[in-house]
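Visitor: Protein chains in written order, with our numbering: chain A, 1 to 357; chain B, 1 to 357; chain C, 1 to 357; chain D, 1 to 357.
None of these hints come from the bench; they were simulated from the model. One should not assume that every hint holds.
Pairs involving identical chains hold if they fit within one copy or between any two copies, as the list cannot separate such chains.
Said to hold, decoys possible - Taking lysine to any residue and the SDA-like style, the derived pairs with C-alpha atoms no more than 20 Å apart in a straight line are:
| id | residue 1 | residue 2 |
| --- | --- | --- |
| 1 | Lys100 | Asp269 |
| 2 | Lys54 | Ala22 |
| 3 | Lys100 | Asp160 |
| 4 | Lys100 | Gly265 |
Number of protein chains: 4
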Amino acid sequence: MSYNSFGHMLRVTTWGESHGPAIGAVVDGCPPGLALSEGDIQPFLDQRRPGQSKFTTQRQEPDRVRILSGVFEGQTTGTPISLMIENVDQRSKDYSEVAKAYRPGHADYAYDAKYGLRDYRGGGRSSARETAMRVAAGAIARLVIPQVTLTAYVAEIGGDRIDPARFDAGEIARNPFFCPDPEAAKRWETLVDEARLAGSSLGAVVECRAEGVPAGWGAPLYAKLDAELAGAMMSINAVKGVEIGDGFDAARGTGESNADPMRPGPDGDTPEFLANHAGGIAGGISTGQPVTCRVAFKPTSSILTPVETIDREGTATQIRTKGRHDPCVGIRGTPVVEAMMALVLADQMMMHRGQCG
Amino acid sequence: MSYNSFGHMLRVTTWGESHGPAIGAVVDGCPPGLALSEGDIQPFLDQRRPGQSKFTTQRQEPDRVRILSGVFEGQTTGTPISLMIENVDQRSKDYSEVAKAYRPGHADYAYDAKYGLRDYRGGGRSSARETAMRVAAGAIARLVIPQVTLTAYVAEIGGDRIDPARFDAGEIARNPFFCPDPEAAKRWETLVDEARLAGSSLGAVVECRAEGVPAGWGAPLYAKLDAELAGAMMSINAVKGVEIGDGFDAARGTGESNADPMRPGPDGDTPEFLANHAGGIAGGISTGQPVTCRVAFKPTSSILTPVETIDREGTATQIRTKGRHDPCVGIRGTPVVEAMMALVLADQMMMHRGQCG
Amino acid sequence: MSYNSFGHMLRVTTWGESHGPAIGAVVDGCPPGLALSEGDIQPFLDQRRPGQSKFTTQRQEPDRVRILSGVFEGQTTGTPISLMIENVDQRSKDYSEVAKAYRPGHADYAYDAKYGLRDYRGGGRSSARETAMRVAAGAIARLVIPQVTLTAYVAEIGGDRIDPARFDAGEIARNPFFCPDPEAAKRWETLVDEARLAGSSLGAVVECRAEGVPAGWGAPLYAKLDAELAGAMMSINAVKGVEIGDGFDAARGTGESNADPMRPGPDGDTPEFLANHAGGIAGGISTGQPVTCRVAFKPTSSILTPVETIDREGTATQIRTKGRHDPCVGIRGTPVVEAMMALVLADQMMMHRGQCG
Amino acid sequence: MSYNSFGHMLRVTTWGESHGPAIGAVVDGCPPGLALSEGDIQPFLDQRRPGQSKFTTQRQEPDRVRILSGVFEGQTTGTPISLMIENVDQRSKDYSEVAKAYRPGHADYAYDAKYGLRDYRGGGRSSARETAMRVAAGAIARLVIPQVTLTAYVAEIGGDRIDPARFDAGEIARNPFFCPDPEAAKRWETLVDEARLAGSSLGAVVECRAEGVPAGWGAPLYAKLDAELAGAMMSINAVKGVEIGDGFDAARGTGESNADPMRPGPDGDTPEFLANHAGGIAGGISTGQPVTCRVAFKPTSSILTPVETIDREGTATQIRTKGRHDPCVGIRGTPVVEAMMALVLADQMMMHRGQCG
């Protein structure tokens with residue numbers, strides 16, 4: 001069962017609500033003997049942290065992570081690693097409106113329908129704040145697979161795409177959009193700012209690429225590497241679509257246009273692929289090519305325009321979502337996508353090692 | 001762990017290779033007291049069965065399912081239901097070429113890299129033949145959630161889309177493409193036949209809709225209804241992309257265009273939604289609207305055009321895949337998509353009932 | 001996978017070392033709408049707490065539990081409940097001896113062999129301190145199955161048994177041994193005190209009985225109620241044996257002596273059993289009779305008598321375990337046994353409800 | 001979830017009823033490249049097979065196993081191995097009595113209470129026939145851990161124990177009781193035959209020892225090697241108690257009598273233990289000593305003496321169980337205990353390899 005857990009051998013369980021005292025994660029099954037301190041995790045949290053530019057929510061959270069177990073004298077011990085971040089900016093705002101009326105597009109109505117009650121403060125458990133723990137756990141997963149290099153970036157905001165010809169990995173950290181194309185980044189400043197000022201929001205597409213994954217990770221059927229990635233990405237708040245390799249474009253092509261021919265590699269051992277339409281996965285198992293996926297984030301549901309809705313009694317009403325919201329959740333979703341990729345890959349590496357030695 | 005199993009409470013484990021003596025599935029956790037016989041399963045298998053038109057593989061398999069356990073006097077007993085289909089048409093063709101050289105786009109190279117060996121006859125475990133057992137298991141899952149109506153259909157072949165204005169559910173069973181638009185079906189006859197004659201292949205997009213899902217199924221985070229659906233769909237052979245609701249289109253819109261406003265329903269109890277961009281899922285939990293998803297199938301990798309590849313010794317060679325292949329695997333994937341939707345929903349219903357009573 | 005997790009639908013993950021900053025547990029899958037506060041958990045922790053009599057370790061831990069998530073306005077929300085206890089009495093004693101030499105009977109050597117390193121302070125992860133979190137989680141499980149009454153007690157210390165004829169449930173809370181026989185309790189004062197003064201230790205047998213379990217909980221084979229109980233009890237530190245019902249005595253009898261005849265019950269509905277050799281479980285499923293088990297705790301391995309051992313370099317040495325140890329771990333194991341019984345039963349109730357409605 | 005599955009990485013799912021067409025198992029996660037044919041499994045099934053002496057049931061089942069998948073050219077492929085045994089001796093006897101009245105000590109009443117119906121023919125799913133598949137799966141597990149030698153034997157029947165001083169492993173295969181003490185075997189001939197002739201039955205204790213298990217298999221808490229073993233053994237039909245190492249005897253001793261002192265081993269590398277009260281497991285992890293356990297089987301519940309019971313309508317009646325029953329199920333339970341030990345150890349080896357490399 002996996003209500004709030006993720007992974008098979010490297011298993012992450014997260015807990016916590018947006019406005020409770022803290023949020024946390026337990027990372028179980030981590031290999032022993034890895035050098036680990038808070039300093040290995042904090043930089044990734046800082047990437048995701050709110051309040052760093054006007055293009056993300058103005059909530060001010062230091063997101064300072066503490067390791068409470070599983071590390072001794074600077075090394076992982078193989079026992080569960082407990083991570084905790086205290087919630088600091090729990091502004092005691094008035095939640096009476098959200099408590100009463102359902103915000104369309106949010107989990108409000110569905111939670112009430114399921115559980116009969118919900119913690120409505122700041123979205124409670126359904127808050128994107130939970131993704132901080134994914135990023136923290138992902139930082140540990142990276143240490144498990146040091147041979148893998150991960151690169152996630154925003155490829156598209158509100159339908160405006162980067163130009164692949166201008167792709168520059170070094171650019172990603174230089175703008176507030178995780179954008180690898182400096183010209184797109186410039187356009188997005190205007191685009192996102194306009195949405196922000198209008199109290200509107202925009203969707204985004206995030207791409208992630210993992211280099212250094214050897215051939216052989218994954219499993220034939222239900223724990224396929226691509227199936228695990230799809231589940232992992234779709235479990236991130238606001239995600240509505242996942243593609244591996246060419247994704248939906250592959251569905252529009254032919255067997256010839258979609259082929260990834262192979263030839264002997266220069267080292268005589270690892271073969272070379274002449275294309276990577278498959279996104280590095282065939283039959284659920286990695287091929288040694290870069291593993292690539294694309295993730296669609298819907299626009300933030302919280303907008304200033306009043307939307308028709310009902311209250312808990314079923315009466316018609318309207319709601320405008322005031323507050324400190326991301327005009328484009330996909331931006332801060334980028335480190336989360338990267339973390340989920342790291343978690344899936346580390347887990348699959350361990351499963352592969354367990355079965356195949 | 002879930003190499004070859006799927007689901008939490010309603011758990012399906014499949015086994016078997018394309019050219020072994022049989023394929024099968026064990027469905028564990030099924031509620032007791034459901035009326036079940038082979039006659040409840042066979043019609044769904046017949047939909048997926050090969051050799052029924054020139055648009056699918058000419059392999060001739062009766063795909064006759066047997067129930068070997070878990071049913072007594074016509075009712076499920078709550079114990080595991082073992083399903084088996086004997087492989088009949090194991091044409092003793094010459095596999096020496098496939099045994100030696102890797103077919104690009106197939107699982108050949110990845111399997112060898114992972115396991116050091118593979119059953120190369122007809123794709124072995126990676127054959128689409130495995131999906132017959134998903135369809136069989138899905139037929140049982142349908143009995144667990146009789147309140148739900150499932151409709152899957154092909155929405156697009158090789159980039160040629162149906163016209164939503166001509167959508168007619170009754171049409172789906174009347175053509176060999178599971179196509180709800182009679183005009184598109186006519187066009188596809190030519191399109192697919194041309195690909196078939198040219199030894200080429202085409203991709204497709206399958207859509208699936210579940211009506212009658214009550215609000216409240218699913219779970220907040222890693223067992224989100226959409227995450228489970230994404231993993232389930234991506235685990236089907238040849239699938240490269242999954243969308244829930246508007247999917248990637250949502251990523252191109254604004255918070256306003258993506259809103260699903262609510263108002264009191266006519267019965268005063270269930271609310272009415274004015275749109276369904278979310279595909280019936282918010283925060284990982286069903287909202288009571290139809291649950292919708294779209295699934296991208298790549299073109300069959302087996303084509304007559306020679307493709308550059310290597311053999312097991314790493315030497316350069318070429319391969320043309322002769323044999324009886326589907327010119328468009330997405331077509332026969334349609335009942336598989338429907339079956340996976342049934343399996344996910346039945347499982348989530350049981351998990352919801354277990355937790356929330 | 002379940003390195004540090006327990007349960008299927010009601011799933012508990014514990015973390016923390018004896019001398020780290022804190023220990024904790026995440027209880028996932030708890031039904032929503034249960035009234036829960038720290039006050040529902042603390043009394044059970046107080047039962048297990050060290051330092052309450054001279055018959056248990058003198059470590060002084062307030063074991064004050066905090067609920068960090070999953071409860072809103074006094075009710076469980078259905079989301080993960082995070083529990084934490086800060087470690088207070090981490091006496092900065094000298095661990096250099098334990099760090100170097102392996103204490104026979106402890107996990108020292110096995111941990112080093114497995115992980116290549118270990119947190120040796122106070123036993124680290126293998127400390128009985130972890131069981132505090134089982135007791136805390138068990139307190140929540142009790143709320144899930146309010147119809148069940150649990151009674152655990154010590155039945156035997158160092159081979160000295162209670163007299164079943166003098167069994168008085170009310171007596172259990174009145175002595176420091178959880179002993180239901182006041183005369184045995186008196187004898188044990190001397191027995192345990194002598195062991196304590198001699199720096200020795202004693203084993204114990206704990207019995208637990210659950211009344212109010214309806215017929216039908218459990219599963220036919222690998223999730224049998226008795227199999228789950230056996231695994232749960234054997235996972236407690238220092239436990240070496242588990243019996244259901246008559247246990248090993250059943251192995252010494254005949255089919256006639258072991259029969260549990262049935263007859264119509266007085267209410268005409270629930271049958272009456274004339275004996276309960278089976279311990280309330282047949283074929284892995286509860287019968288409606290009290291569920292009973294017996295658990296064997298070995299004597300604490302920490303004794304003052306020097307024992308031959310080796311150090312990390314493999315050199316012969318001797319070790320005497322000074323410090324604040326329980327002369328009989330079975331005593332404080334009693335609330336832990338009760339908690340594990342509660343966890344197994346609550347989990348099985350939910351699994352039963354999920355499958356059978 | 002694990003209603004009918006067992007194990008984490010090496011995962012066995014069994015299916016089938018005593019009087020259905022067949023029984024079977026799917027072994028998932030098996031390492032690739034192991035030489036495997038039916039000939040590796042059949043000898044173990046033959047040990048367990050009924051009808052081989054007058055001391056076991058006279059049901060005549062050839063128990064001929066077939067491998068239906070997962071093996072190619074004599075080697076495991078890493079994909080699921082499907083095993084099946086057809087039921088041959090489904091004597092069409094009259095089950096009307098068992099269909100109506102509950103046999104005390106059997107699963108009859110509990111199954112009906114849980115599921116509302118049951119397959120009553122020959123015990124259905126609760127038949128000891130299911131254990132044939134454990135033995136078959138165990139034969140595969142042995143191939144995963146060739147370094148381990150397993151020895152199971154009956155140590156006690158109806159309270160009559162073997163003399164450890166006369167233990168001779170070679171003797172086990174020479175008598176129909178898996179008895180390592182030739183004199184006990186002689187006594188048991190009379191003992192069991194008397195029970196058989198009287199229509200009575202006897203309990204038994206089976207011991208199992210695994211040599212060659214290296215230090216380091218297992219996990220700290222809930223997947224402890226001893227917890228997994230306890231669950232595995234208790235899941236076998238008719239088992240009521242499990243002990244690891246000294247078990248309940250440890251509960252009657254002192255820290256001194258229970259110590260397992262260590263000293264440097266002759267090879268300078270692996271330490272030597274001067275005793276093995278712990279049964280080769282400390283802190284849930286193997287120590288390198290032989291892993292030992294003891295398992296209590298209750299007497300067969302099927303006896304000729306009429307026992308008071310009720311029928312499905314709740315009316316008082318009596319039942320005598322005629323038919324072909326084992327006078328002592330513990331005897332044929334011996335290969336099952338050995339198989340479960342093999343399955344647990346192989347699974348733990350793979351989990352250890354997955355986490356620790």
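Visitor: When no copy is specified for lysine 54 and alanine 22, does a C-alpha distance of 20 Å or less occur within a copy, between copies, both, or neither?
Guide: neither (25 Å within a copy, 37 Å between copies)
Visitor: What label fits lysine 100 with aspartate 269 when the C-alpha limit is 20 Å: within, between, both, or neither?
Guide: between (64 Å within a copy, 16 Å between copies)
Visitor: Regarding lysine 100 and aspartate 160, is the shortest C-alpha distance of 20 Å or less found within a copy, between copies, in both, or in neither?
Guide: This pair counts as neither: shortest intra-copy Cα distance 37 Å, inter-copy 46 Å.
Visitor: Given a CA cutoff of 20 Å, do lysine 100 and glycine 265 count as a within-copy pair, a between-copy pair, both, or neither?
Guide: Close across copies (18 Å), not inside one copy (63 Å); limit 20 Å.
When the structure is compared with the earlier hints, violations turn up for hints 2, 3 and for no others.
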